[in-house]
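Top line first, the protein sequences correspond to chains S and L.
Here our numbering is used: the first residue of the first sequence is 27, the next is one more, and so on.
Here our numbering is used: the first residue of the second sequence is 6, the next is one more, and so on.
One or more of the hints may lead you astray.
Stated by the list, open to error - List time: in silico DSSO-like cross-link candidates among lysine-lysine, alpha-carbon distance up to 30 Å:
hint: 1; chain 1: S; residue 1: K172; chain 2: L; residue 2: K253
hint: 2; chain 1: S; residue 1: K206; chain 2: L; residue 2: K65
hint: 3; chain 1: L; residue 1: K65; chain 2: S; residue 2: K42
hint: 4; chain 1: S; residue 1: K203; chain 2: S; residue 2: K191
Unchecked claim - Chain L regions said to be covered by chain S (calculated; three or more residues, Cβ under 8 Å):
hint: 5; region: 190-197
hint: 6; region: 207-216
hint: 7; region: 224-238
Worth flagging that the hints you see were computed from the coordinates, not collected in a lab.
Owing to the predicted nature of the structure, the values given are computational and were not obtained by experimental measurement.
All C-beta atoms in this analysis are idealised placements derived from N, C-alpha and C, irrespective of residue type, glycine included.
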Amino acid sequence: MTTNTIDNQTYIEGIKNGDAAVIRSIYENYHQAIIHLVEKNKGNSEDARDVFQEGLMLLFQKVQDPKFNLTSSFLTYFYAVCRNIWSNKLRKKSKSEVTITDQMTLILGEEDLPGIEQNEQYVLYRKKFLQLGEDCQKVLDFFLQKISMKEIMEKMGFGSIAYAKKRKFQCKEQLVKMIKQDPVFVELMY
Amino acid sequence: MTPQQSFEKIEAYLNGELDEVQLKIFEEQMKKDDALAAQVHLFKNMDLAISDKSALQFQKLVQKEANPFFQKSSAPEAKIRKLSWTSRSWTIAASILVLIISATLLFQKFGSSDPVSNQELFAQNFMVYDLDENLRSSAIEPDLFQAGIREYQKENYSAAIDTFQNLQKSTPNDMVLAFALGNTFLNQNPSNFRLAQAEFQKVIEEDNSIYVSKAKWYLALIYINNGRINLAKNLLQEVVESGDNLSKNAEHLLKDLQ
């Protein structure tokens, strides 16, 4: 196996298994490239961070497919993913076609990456969910697992089913509000 | 329909819990109401995103690991790099001084409690009290009182306050009214904690209505929001001992405050 293949395999397995050391290594090795890509094309460091994270989340979904096979270097592929993500964001901001300025040879067209929009949405929803208080996360998680309100009441130590329902509503209302207040959400509506 | 009922209707739709007739009505409503359709779309996708546990855990990791590598903006950093050592050291010293002064002011204002977590604790435990049209008091003019309650249910809190305050001019010592008014002040955006506190204190001091324990609960939450934790704890203990249906909530909250 070539060094390139070993590195690719390590990255892919690390993403699949949520290996913190591998994720850190990806950040270490590639964050400058993505910051450069974004800042040279009308973005800033915060945008670069969002693009990097969405890129990793999109890759996370892709590597779950047993048929996924990385034929280029990890950097080339990951860069292409991030490039498409940023291009999509810029297009939505300007509401017209954009041209990214960079030195990389494109290996992926947008048709190779369906799900960029959905990924952007889902990353936003999860980001806001993780910002909720611990109790709210628990209540909403129990509800999504279709646990009965009576059991939620007991697990959370609430006084009544009505209160459990109220807390669930309040937590969800707070989550929805946080999502809708995010500039990314406004963009998604167009 | 209250916001909670609206949310629950959407959830019932998404969970396939509506019967044939309800489903048809709801789908017709969605066709006519873009905002409702958008909300349904949002709820559906939110649920899908959050219920994917492995993706959620991975995202948590990705967010955490980003911190050392991405700063707020590169432009200000470049300016700082160009400062001389002396200027930079003064800038750093001034920043530290500002932080110390801010921390001291916050500590003095809020005691040993973290003001952010007090407000979060309030938000986590606060629930909108369901004033309903069965609420009655023999002393209050019923039609006007019901009108105020309807305004409250529609979240027209300013209108509800006008109505309740008008009624209070003729019945200043009615505790059902005081309790309703306290809740209305609390639900305003932003909450009027001072006026809400006054109404709940009235109810508690009169001690002759069925709303005393509930008033103690809400007053305790106001105290928590304002960082007056010991006062809150005393009230919560009383709610626990009262056996009111809020006593479990009070017990739970007291544990959080320990």
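A quick look at each hint next to the structure:
Restraint check: the Cα-Cα separation between S:K172 and L:K253 comes to about 24 Å, which is no more than 30 Å; the hinted pair holds. Proximity of S:K206 to L:K65 is assessed by CA-CA distance (about 21 Å); at most 30 Å being required, the pair is judged to hold. Straight-line distance between C-alpha atoms of L:K65 and S:K42 comes to about 14 Å, which keeps the hinted pair within the 30 Å bound. A distance of roughly 18 Å separates the Cα atoms of S:K203 and S:K191; the hinted pair therefore holds under the 30 Å criterion.
Restraint check on the region 190-197 of chain L versus chain S: 0 residues with Cβ-Cβ distances below 8 Å, three needed, restraint violated. Coverage of the region 207-216 of chain L by chain S is violated in this model, with 0 residues showing a Cβ closer than 8 Å to a Cβ of that chain against a need of three. Restraint check on the region 224-238 of chain L versus chain S: 0 residues with Cβ-Cβ distances below 8 Å, three needed, restraint violated.
Hints 5, 6 and 7 from the earlier list are contradicted by this structure; the remaining hints agree with it.
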